[in-house]
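A.B. asks: Use these hints to put chain B onto chain A, whose structure you have.
Each chain is listed here by its residues.
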Amino acid sequence: MTPGSPVPGWVRAAMWAGLAFLWLPVALLVAYAFSADPAPFRWGGFSLRWFAALAANERLLEAAWLSIRVAAGAATLATLLGTAAGWVLARHGPFAGRALLGALTGAPLVLPEVVTGLSLLLLFVALESATGWPAGRGATTVLLAHATLGTAYVAVVVGSRLAALERELEEAALDLGAAPAAAFATVTLPLIAPSLAAGWLLAFTLSLDDVVLASFTSGPSGTTLPVALFSMLRLGMTPEANALAVVLLALAGGILGVVGVLMRGRA
Amino acid sequence: MRVALRLLPGLWLALLVAAPLALVGVMALSWPSEGVPPYAPPWAGPGEARGVNPDNLRLLAEDPYYRGALVRSLAVAAATAGLCLLLAAPMGVAIARAGRRREALLAAVLLPFLTGFLIRIGAWIGLLRDEGWINGALRALGLTEAPVPLLYTEGAMLLGMVHAYLPFAVLPVFAAAARLDPALEAAAADLGATPSRAFLTVTLPGLAPALGAAFLLVFIPAAGEYVIPELLGPPEATLVGRVVFQEFFANRDWPVAAALAAALLAVLIGPILLFQRLGRAS
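Heads up: the sequence lines are chains A and B, in that order. If you use the working numbering, the first sequence corresponds to residues 1 to 267, in order. If you use the working numbering, the second sequence corresponds to residues 268 to 549, in order.
This is chain A alone, in the form it adopts within the complex (with noise of 0.2 angstroms):
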């Protein structure tokens, strides 16, 4: 680490700026909603009624608990599938199609959201029509789509852990006599398996945070959090969102620190 060189006032003065520019309507929202006011933003003594009010909402509740399983999954699928790519790309060396899986790996980093929702929607109408399956559109559909994005951010995540890391260790081993898969089993996995966890929980939240894929890949059936809170929003803010807010954001801040706690246990 190095110690700061100056960096100018009004430069320091600017990232405060910026920060409180994130912070600010956050910062008033979790204190909003504790208010008794149903105005949202309109203070009324404290009260957690929105919170109970939220605890009794049965249809957003739903839509979390499809979201945390669609999620969770996704995410898994995407580890799997991410943790491959990424080998391949950084171990397999010059192969037919690398330049190929490469462009695949990072097409749905770069594609804007609708392109990509559009494009999987039709292929599921067309395998549907082809095929019989999928059988219509719910929360299958949306998991393979949000797997699909997953991936790609595990293999950058990965995959850039791969190539930092020193082969010499996982050559070692093979010299010693182990198999690949053993080499890679008690050797490299444990040396990745903080960024195996930082990519699932990247995917996990993607997954979470997605309205676009998922009103594209969604039925009826496969209504998420985020499409459920998007449709909320259409009509204005409401006290209860701002709790769900509140509760989102303790989450998020859980997953902030285990990650954080992965990441030092890395360096």
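Hint data in this document are derived by calculation from the structure and do not stem from the laboratory. Glycine included, each C-beta is placed from N, C-alpha and C at the ideal position. No false leads were mixed into what you were given.
Chain B side only, calculated, beta carbon under 8 angstroms to chain A, not exhaustive:
#1 Leu-272
#2 Trp-279
#3 Met-294
#4 Val-376
#5 Trp-391
#6 Arg-396
#7 Ile-487
#8 Gly-491
#9 Ala-524
#10 Ala-525
#11 Ala-528
#12 Leu-532
Going by beta-carbon spacing under 10 angstroms, a handful of chain A positions derived as facing chain B:
#13 Met-15
#14 Leu-19
#15 Thr-116
#16 Ala-152
#17 Arg-234
C.D. replies: Frame of chain A; chain B shown alone:
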């Protein structure tokens, strides 16, 4: 084993990335129809019409509604990315040079990002609406009698976009600034440059590829943004993302929606390739 390892992600991505994009291309050349799904592919056009349908793409080039949506989207994306960069450049550098507080400050940038952008957009709705916090403050200060319309304006939309995308822009600037040798700035200071001058003439030019990457990292997704214009923007802010949704879901004109998506992608290919080059360079 080695081949299986390549095939597994390869086949998945071929099926769920490459094939869907090809389908968008086919759809853009298809015929609208009354059936379910509401299109007829080029090889099975309605009635006498067989072969590719050039009307969808022609419509994009000729109809000011669609052309305007594309142009407006690029302008909004450029404005968003420019404003983000204006904040992200000093933020990224200041955080990279913050010594022991570096991690905490970086977390402070990322945490609202993890809150979910819908929640943050919701916060802006609460702030900007007629009975919202800002109008309440203006009335309390006696600056206005009637509420000032803030929500559902171009300004609100831009504000929300900058807020949502700012963390994306900070990250590449931070990463590059953390790698930039502070000895350069120290040398500039030794030679008599003020900190401001060193920042503007040494630090920022040294970060040029990262600044370019940060701009594009915002510009590319912002050009297709749907949710923020829908929630904060005025109805007349017809951007590509909104028009694609409109054509696809409300008008059920899948070929035109696909043509518009393909056009957006075509316009963004240049920026995407440039972004990947900058990413490799930095």
